[in-house]
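Peer 1: So the chains spell out like this:
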Amino acid sequence: MNIKFHIQDLNFYFNNNKVLKLINFEIPANIILGIIGPSGSGKTTFLRALNRMNDLESGSRIEGQILFDGEDIYSSDYDVVALRKRVGMVFAMPVPLPMSIYDNIVYGPRLSGVNDKKRLDVLVEKSLTAAYLWDEVKDRLKTSAMRLSGGQQQRLCLARVLAMEPEVILLDEPCSGLDPISTAKIEDALTELKKEYTIILVTNNTKQAARVSDYTAFFLMGDLIEVGNTGQIFTSPNKTETNDYITGRFG
Amino acid sequence: MKLISEKGVKRLLMITAFSAISALLLIALFIINEGLPFIFKYGLKEFLFSSDWQPHLGKFGIYPMIVASLWVTLGAMLVGAPLGVAGALFLSEYVPKSVMNIIKPTIELLAAIPSVVYGFIGVMVLAPIIRDNFGGPGLSLLAGSIILGIMILPTVISISIDSILAVPRSYREGSLALGATTWQTIHMVTIKASKSGIIASIILGMGRAIGETMAVIMVAGNSVNIPHSPLDSVRTLTANIALEMSYATGLHRQALFATGVILFIVIIILNSIASVAIRKRMVKK
Numbered sequence: 001m002n003i004k005f006h007i008q009d010l011n012f013y014f015n016n017n018k019v020l021k022l023i024n025f026e027i028p029a030n031i032i033l034g035i036i037g038p039s040g041s042g043k044t045t046f047l048r049a050l051n052r053m054n055d056l057e058s059g060s061r062i063e064g065q066i067l068f069d070g071e072d073i074y075s076s077d078y079d080v081v082a083l084r085k086r087v088g089m090v091f092a093m094p095v096p097l098p099m100s101i102y103d104n105i106v107y108g109p110r111l112s113g114v115n116d117k118k119r120l121d122v123l124v125e126k127s128l129t130a131a132y133l134w135d136e137v138k139d140r141l142k143t144s145a146m147r148l149s150g151g152q153q154q155r156l157c158l159a160r161v162l163a164m165e166p167e168v169i170l171l172d173e174p175c176s177g178l179d180p181i182s183t184a185k186i187e188d189a190l191t192e193l194k195k196e197y198t199i200i201l202v203t204n205n206t207k208q209a210a211r212v213s214d215y216t217a218f219f220l221m222g223d224l225i226e227v228g229n230t231g232q233i234f235t236s237p238n239k240t241e242t243n244d245y246i247t248g249r250f251g
Numbered sequence: 001m002k003l004i005s006e007k008g009v010k011r012l013l014m015i016t017a018f019s020a021i022s023a024l025l026l027i028a029l030f031i032i033n034e035g036l037p038f039i040f041k042y043g044l045k046e047f048l049f050s051s052d053w054q055p056h057l058g059k060f061g062i063y064p065m066i067v068a069s070l071w072v073t074l075g076a077m078l079v080g081a082p083l084g085v086a087g088a089l090f091l092s093e094y095v096p097k098s099v100m101n102i103i104k105p106t107i108e109l110l111a112a113i114p115s116v117v118y119g120f121i122g123v124m125v126l127a128p129i130i131r132d133n134f135g136g137p138g139l140s141l142l143a144g145s146i147i148l149g150i151m152i153l154p155t156v157i158s159i160s161i162d163s164i165l166a167v168p169r170s171y172r173e174g175s176l177a178l179g180a181t182t183w184q185t186i187h188m189v190t191i192k193a194s195k196s197g198i199i200a201s202i203i204l205g206m207g208r209a210i211g212e213t214m215a216v217i218m219v220a221g222n223s224v225n226i227p228h229s230p231l232d233s234v235r236t237l238t239a240n241i242a243l244e245m246s247y248a249t250g251l252h253r254q255a256l257f258a259t260g261v262i263l264f265i266v267i268i269i270l271n272s273i274a275s276v277a278i279r280k281r282m283v284k285k
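Residue numbers (the working numbering), protein chains in the order written: chain A, 1 to 251; chain B, 1 to 285.
Just so you know, these hints were derived from the structure itself, not from any lab.
What you are looking at is a predicted structure, and each value in this text was computed from that prediction instead of being measured.
Any given hint might turn out to be false.
For each label pair, taking beta carbons as the anchor points, the in silico distance ranges come out as [claimed, not checked]: (1) B:P96 - A:Q65: 21 to 29 Å; (2) B:T182 - A:R147: 24 to 32 Å; (3) B:M245 - A:K142: 52 to 60 Å; (4) B:L74 - A:I181: 51 to 59 Å; (5) A:K142 - B:A248: 58 to 66 Å; (6) B:T16 - A:F14: 42 to 50 Å; (7) B:M14 - A:G248: 38 to 46 Å; (8) A:K142 - B:G43: 49 to 57 Å; (9) A:E71 - B:V125: 51 to 59 Å.
The C-beta atom is built at its ideal place from N, Cα and C for all residues, glycine as well.
The shape of chain A in the complex, shown without the other chains (with noise of 0.2 Å):
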């Protein structure tokens, strides 16, 4: 299998504080991986690692190496704005950019340099058809993006990140304001994408990991508990730290 993202003997602080603690492991391509742990666990430090966001926080330090497709992300001569175009991202909050829906998905495209309005017409239908939100708002691609509700904000901000074409989309729990209609829509386009993405999605909702994802990695207080099938996960988990988080009795 095509393994995407090597991450070996990765230590993470920010500022003194050891975020992270020798994590080890690999994230074959085409696959949902769901990162489950309590808050506070390094979960989202981990997501933002893989396409270097931390970088923006002040204090933020790594040791260890995150090798994506064999290339380590951290050399000093790695581009990270390239980097971050080939790793989309959704975040927690749905945060449209203040303008139009339309001007939302091609926000990324035409920094790549893609002009030819037809093209760009294309790309809109099919990435908001794929993150289920094209029917609902193919009439009004001019209105603000503001004026949707979380649900369809969040899907926009899932299709802006496909529109970017990128090989892996990170997730960093996207429905965690939304309504039990709205993320099953994102968790059904989510299954339809893994086809042609590789996703990574960090949740606090373990159901929702045992829904999706194909992979699941378990991360306590910085350290990298178990990862393994979610099936053998959620049925016979070898350490009893998993077992008691995902039976409830803790976190």
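Guided by the hints, dock chain B onto chain A, whose structure is given.
Peer 2: Relative to chain A, chain B alone:
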């Protein structure tokens, strides 16, 4: 007992608030009361659009001063607005927060320098440089514009920074996560989202420039004429009032008050535009 002191505090604060408003009203009434009769007597058109300002002959056309005020203000904008906005963008987007927290108050200190000091620097440093390099008397429209442009920097920078920092961090992250560079994020997202605040800062700076008196008297030359080049000596509306009020009597004195009325109206218009721009931003959020 508690209730009484509670009411007393409220009363006290109310009196303070109203006295500020009534001071403004009184000033407005006073200027209008002194100035309006003259405008009716002399004729608004003649007053605004005649170029003849010869108080000893009973001619009061303030057209050259209006033109001079507008040019000096425009010049100050051309100097101050780009520098101010660029400075604000640099400080808020490229510099670590700790550094900005030192530099921003320092820039705001510029506003604490008395305007006569700016004028003094203009006379001693700027005017000779202009005279030696470009010709003309040195004390000129150009000198006035540059000095005023520097004087409005604290206003423009400080208010622009505040409105840029008010742009939600999530906008920037969203844009950067889509593979935008810092500059692409600034000009496609940050500036767009903080546009009305930046415009308001420029308009407030403009209000300051058009109302400034002392520095302009010192560096602009003060001859009453319609400028044909930036190197010409000019007299602004404010300078005209300040220079002649001390010896003006009768109709001349009223004409100066009427000049004040015109200035007052211009500044009210500018401030209204600014507050509309700021309110528009609030509504959008």
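Peer 1: Does each hint fit the structure? Answer for all of them.
Peer 2: The hints, checked one at a time:
In this structure, B:P96 and A:Q65 meet the distance hint of 21 to 29 Å, their C-beta atoms being roughly 27 Å apart. The hint said 24 to 32 Å for the Cβ distance between B:T182 and A:R147, and at roughly 29 Å that hint holds. At about 57 Å, the CB distance of B:M245 to A:K142 agrees with the hint of 52 to 60 Å. Our hint of 51 to 59 Å for B:L74 and A:I181 holds, since their Cβ atoms are close to 57 Å apart.
Between A:K142 and B:A248 the Cβ separation comes to about 60 Å, which falls inside the hinted range of 58 to 66 Å. In this structure, B:T16 and A:F14 meet the distance hint of 42 to 50 Å, their C-beta atoms being roughly 47 Å apart. Taking the beta carbon of each, B:M14 and A:G248 are about 58 Å apart, not inside 38 to 46 Å as hinted. Separation of A:K142 from B:G43 is about 52 Å and conforms to the stated range, judged on CB atoms against 49 to 57 Å.
For A:E71 and B:V125, the hinted distance range of 51 to 59 Å is satisfied, since their beta carbons lie about 56 Å from each other.
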